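Colleague: Turn these sequences into a full structure, and let the hints steer you where they fit.
Protein chains in written order, with our numbering: chain A, 1 to 252; chain B, 1001 to 1252; chain C, 2001 to 2252; chain D, 3001 to 3252; chain E, 4001 to 4252; chain F, 5001 to 5252.
Please keep in mind that the hints were generated in silico from the structure rather than gathered at the bench. Worth double-checking, as some hints may not be accurate.
[Stated by the list, open to error] With beta-carbon atoms standing in for the labels, derived distance ranges:
#	chain 1	residue 1	chain 2	residue 2	range
1	F	R5250	C	S2012	17 to 27 Å
2	F	G5187	C	G2184	41 to 51 Å
3	F	G5206	B	T1188	33 to 43 Å
These numbers were taken from a predicted model, which means no experiment stands behind them. Here a beta-carbon is modelled for each residue, glycine too, at the ideal position from N, C-alpha and C.
Number of protein chains: 6
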Amino acid sequence: MIERNTLRQMWSTGAETLGAWLSVPSVVSAEAVASCDLDYVCVDLQHGAADYSDLVAMVQAIQLAGGIPIARAPWNDHGIIGRILDAGCHGVIVPMVNTAAQAQAVIAACRYAPNGQRSWGPTLAARNADDYRTWADQSIAAIPMIETAEALRNLDDILATPGIDAIYVGPADLAISLGLGPTGNDGTPIFDDALHHIVDACRRHGVVPGIHGSASVAALRRSQGFRMITIASDIVEMRAGIARSATQARSQ
Amino acid sequence: MIERNTLRQMWSTGAETLGAWLSVPSVVSAEAVASCDLDYVCVDLQHGAADYSDLVAMVQAIQLAGGIPIARAPWNDHGIIGRILDAGCHGVIVPMVNTAAQAQAVIAACRYAPNGQRSWGPTLAARNADDYRTWADQSIAAIPMIETAEALRNLDDILATPGIDAIYVGPADLAISLGLGPTGNDGTPIFDDALHHIVDACRRHGVVPGIHGSASVAALRRSQGFRMITIASDIVEMRAGIARSATQARSQ
Amino acid sequence: MIERNTLRQMWSTGAETLGAWLSVPSVVSAEAVASCDLDYVCVDLQHGAADYSDLVAMVQAIQLAGGIPIARAPWNDHGIIGRILDAGCHGVIVPMVNTAAQAQAVIAACRYAPNGQRSWGPTLAARNADDYRTWADQSIAAIPMIETAEALRNLDDILATPGIDAIYVGPADLAISLGLGPTGNDGTPIFDDALHHIVDACRRHGVVPGIHGSASVAALRRSQGFRMITIASDIVEMRAGIARSATQARSQ
Amino acid sequence: MIERNTLRQMWSTGAETLGAWLSVPSVVSAEAVASCDLDYVCVDLQHGAADYSDLVAMVQAIQLAGGIPIARAPWNDHGIIGRILDAGCHGVIVPMVNTAAQAQAVIAACRYAPNGQRSWGPTLAARNADDYRTWADQSIAAIPMIETAEALRNLDDILATPGIDAIYVGPADLAISLGLGPTGNDGTPIFDDALHHIVDACRRHGVVPGIHGSASVAALRRSQGFRMITIASDIVEMRAGIARSATQARSQ
Amino acid sequence: MIERNTLRQMWSTGAETLGAWLSVPSVVSAEAVASCDLDYVCVDLQHGAADYSDLVAMVQAIQLAGGIPIARAPWNDHGIIGRILDAGCHGVIVPMVNTAAQAQAVIAACRYAPNGQRSWGPTLAARNADDYRTWADQSIAAIPMIETAEALRNLDDILATPGIDAIYVGPADLAISLGLGPTGNDGTPIFDDALHHIVDACRRHGVVPGIHGSASVAALRRSQGFRMITIASDIVEMRAGIARSATQARSQ
Amino acid sequence: MIERNTLRQMWSTGAETLGAWLSVPSVVSAEAVASCDLDYVCVDLQHGAADYSDLVAMVQAIQLAGGIPIARAPWNDHGIIGRILDAGCHGVIVPMVNTAAQAQAVIAACRYAPNGQRSWGPTLAARNADDYRTWADQSIAAIPMIETAEALRNLDDILATPGIDAIYVGPADLAISLGLGPTGNDGTPIFDDALHHIVDACRRHGVVPGIHGSASVAALRRSQGFRMITIASDIVEMRAGIARSATQARSQ
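Modeller: Structure, rendered in structure tokens:
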């Protein structure tokens, strides 16, 4: 039985949670990353390359290493959200949730009746608890992404949706939606204001504000009030490390 | 057609070659690593987790990114060495070559008759040249590993084997064979002497001395005379980068 | 050419059909299960772990062993239903069909025009018949799942949808939707009544009533009037058999 | 960096483009096909057997061989269209686009804001250009399929949708929708008229008319005005070649 | 139960057998090829790209289509020969058998005691017969490759090895070993003589002479006395068909 | 860190160890089996269908469920034995060890210098201990199979090989080698005597006697003195359970 505190337990104490991002579909890298000092490890089924059977094995690898597995769904689709949770994930990040109706669809996919319409069949997920149904109600984190101007306009309605545990800002898509480039926007008022607006609304609604990022912006995000911060990515760290090693070795 | 200079062309000019190591069986990480400034990228079929069909696709990914693919065989086995070359690799590192007879077996697996006994069937490898047979004779690098006390004793016989282009030192196995621990042996005379002995013998026989390593020891290895130096590994860089990011983010 | 009677042929004679469930994504287990005395073998793409390419190979394994392959779709999605049938399945079970409109969507995905909107391209499925289009119209079983209180309310409308061959009760989800726990509900009036209501409505509409189950409840389900009964699951039988063997071996 | 002209560049000069179709999920066949003299190579995720991770590796194989990769989505689904483009495809063919709203959904999935809602994360696709976002806006081909009577009725509205670069006729599905059999319809007025009507409307709207086909009908399609013509399929050519070889060898 | 005559039954009647070659690791192409009029279908684990789990599923696909599956081992290795037969293959082609001792090793791997040392465990292969052990003794074809000058010198000893059912000439490797190029050697006396010598020796020893080839040389091989002739390859036919289609379509 | 006692720790206390056998290459079934009350779970790379990358993920699944993973090598091959241990297995069963030299080869592959020649690179295996090298020396179980008449003749020499922790009888192959059929031999004196002889020799040499079996023979094997007994197999239990369920459901 998995003994570690879940994300929702950590959040309920007010704790900050830091995580890593997996774009490489391999159980080898998944176990290596999950052995680091992280609060969650997220398998990206949207912009990453994994198929569902990759996810099933990678969640095992993450849990073997003592990590807490979550995944990003490819889209706000009832079927794949259920399958992600059936693999044993403790939560799901869902892209492009722009309206309350879309937020409700996320909840419907994450919760069993009467709180939602998730279908029963946790063959693998049952490893998380003796009484999985109770555990799932208490532990599964439903995490819509806030990443468009439309979502900003509907933010209070989205955050008021019963069952939303946290939201996750996609800063690149949010910036593009605000008319900016995908990166390099900290310090631009329209971008900073949007983040401030999101964190502020989360506080009012008792929702944990999360955001995609890197170690270099972690302190800034913390100071902005974010409490779920992705601080590294497998493929980014690997490529940067190899490139840095090559430069170092050639220049000595 | 692949236009880049091969390892043997680079070596023939006296150039130093630096490379990276792939332990993760994924085309995603393979392409990312191969896009860095490297002279070769080696898929490890001995201690890495890839199967042969992983190798086939990873070699494509490496060549797409402009890298030069080689692989380490799981063992000195004629069948898998041929398959590695058939996948399109420009060379093969073969573990635990301790005698001249074992070195001859490596050559037999790497060269077509009359220089060896490699079997014809380069369906994929033919992408490397219009006339693959001529290209293969001129380009395939046969690279036995020198990593035991027995190999040190037989070094001149091994290096005198016709067709040996380079050798590759496995410092961990060499150290263990010399009665040391697998790592941290630079400065220990028996270890330093062994490396010196290997480089010296390579110079006498016109063979390129290679060695497994990391960016932090690259300058030392260069000063010792090595000309084929592996300076980074996918899984090591990934794990270190994620761990460093977590520490950095938590400590700010 | 596959000679065996299809599910719809068996149903047309009033025959009862018994099947098994595959949650393990492997051609090895698929062939083993399909070699048993079963009327259908269902690959579960909802709560099972298979990806589409697993399904393609597992359908081959099932048909090699003389079994009749069907699959459960991950969700009521036109694209995956078409792909399931293209793999050669004789039918598709579709989760959470709660309204007549949803039932019509199932039919649209299962039938070629003018009866639906399935897209033509049966590269693999063509193994089922010389004239696949005619065979498909006569043989593909469209099987919506009835597993919510909402579906019970809309049952007559769902069953009146032209093209519905059978329905499949998910007893766990149905129970949860009725306010019960996922298992152990036989004898609870609200549950028994729901099953009675479903079978009764099926009889009126000429639709075959099916249900998920196990060997231990097969006799009960038969007495309730179900004619498509899943009586075993790969992973359940495997785990139970191993656990029983361990207990037996330890206690002797 | 990939230097070859994109489909949209070729189309902008009025050039005809010929392509091949991949139904076999393998990097081996993908590279072999892409080495032929073709303007595009399309991986079929609708009626073909590939999963997403197959696509990722097959796109690498196609680009390694100098081919231009596109893919057919399994359905008009925002999530998978984005993933197809993230794999590095230069375009996406989307089945069963019957209304302007459905065409707009295709564009929304293919274009970044403000022209659409594609989500940012081109880890693999970034191989196509130093500035991927600009490249994507200029290069990604959004290609709805016209293959139903309903689409014919809505053709002007579909073609007037901003961002449609080309359309792709599925002649089998179009024929079925028109009450014909899936093949052998050239010369049948209702079928010929539909093709004429589509090409004519494309000319008026400045959209490239494309169609699925084979080498034997390429001249006819060209004379009908089609400028994107699929002229061969991996599995069809393989099976025909093997069958022809067997006949030839037996009859000599 | 598989009813079709085995290769050895066909050979025992003096019949000629024609086959196809699979280099693409896919169950889709395997089934398509096996549906043609062939006496055997060979999965190439030496120069092809398949791993063992590909073989397992491809053998299912071949047998589903009514084909007789054999495989070429990557090398004369006891372990993989046993695994190939365990997958259900009716025979195994073993590369580079140059001595009687090597031929005996092939037999040892193919036959159960007392005729050899094959290990028992035919979980999948048992599909071939109710009494697999008897069937295997009567049906498994052990087929060493004759493809070097050394093998020619030892030919009588090799062919006299008890249990050799057929031999298979690799004309490319044989030519290379004879000092020629890999292709285009028919008409060259040293090559023609070698083939004549092999067929002649096979006749004397009651062994079936086989050879790798193509449809265009089938008649010649038949006239030379070969009775097991590979007349087509998946990847060759696919690439040739696509290339021919492109040329045809462009030139019309 | 994995806390559970290793096989060698259990054996050192005189404990009996019971295990299960995995022939299905899937992480889903591996986790399910490993969650049962077993002392080891063995992935069969000889007669099972798994490739190496299957093994890597299955070992993770077994360890996640708290099981102790071992594997059977496809053959007595240095390369694959090392790779099996690198995946994290606690031991390796090696087929057909018939001589002391072959037993020494097993030890050479399992032990680091100076006790053997295993190559260093435990990227995944390092999960087993902070000091993997020490752990490996103390924990890795080297388990040759005794399954031929030749091995019986050489038994004392084999068992006297330093480093042999246990042996594993393959009763089917042993029986075939003794001139019997593969199954049903208990009670036949030549077979019973062979088992008695093996257990007796093991006692003299301080080696643990192991044997392949099933729950139904566990008590007999215990009474014969075996202390490592495989009591169930995934595929056998699955097929038997499905067949029994079908019979039960049809007969009610």
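Colleague: Decide, hint by hint, whether the structure agrees.
Modeller: Going through the hints against the structure:
1. R5250/F / S2012/C: 17 to 27 Å: holds, 20 Å
2. G5187/F / G2184/C: 41 to 51 Å: Given a distance of about 45 Å, which is inside 41 to 51 Å, the answer is holds.
3. G5206/F / T1188/B: 33 to 43 Å: The hint (33 to 43 Å, Cβ to Cβ) holds, given that G5206/F and T1188/B are roughly 37 Å apart.
When held up to the earlier numbered hints, the structure conflicts with none and fits them all.
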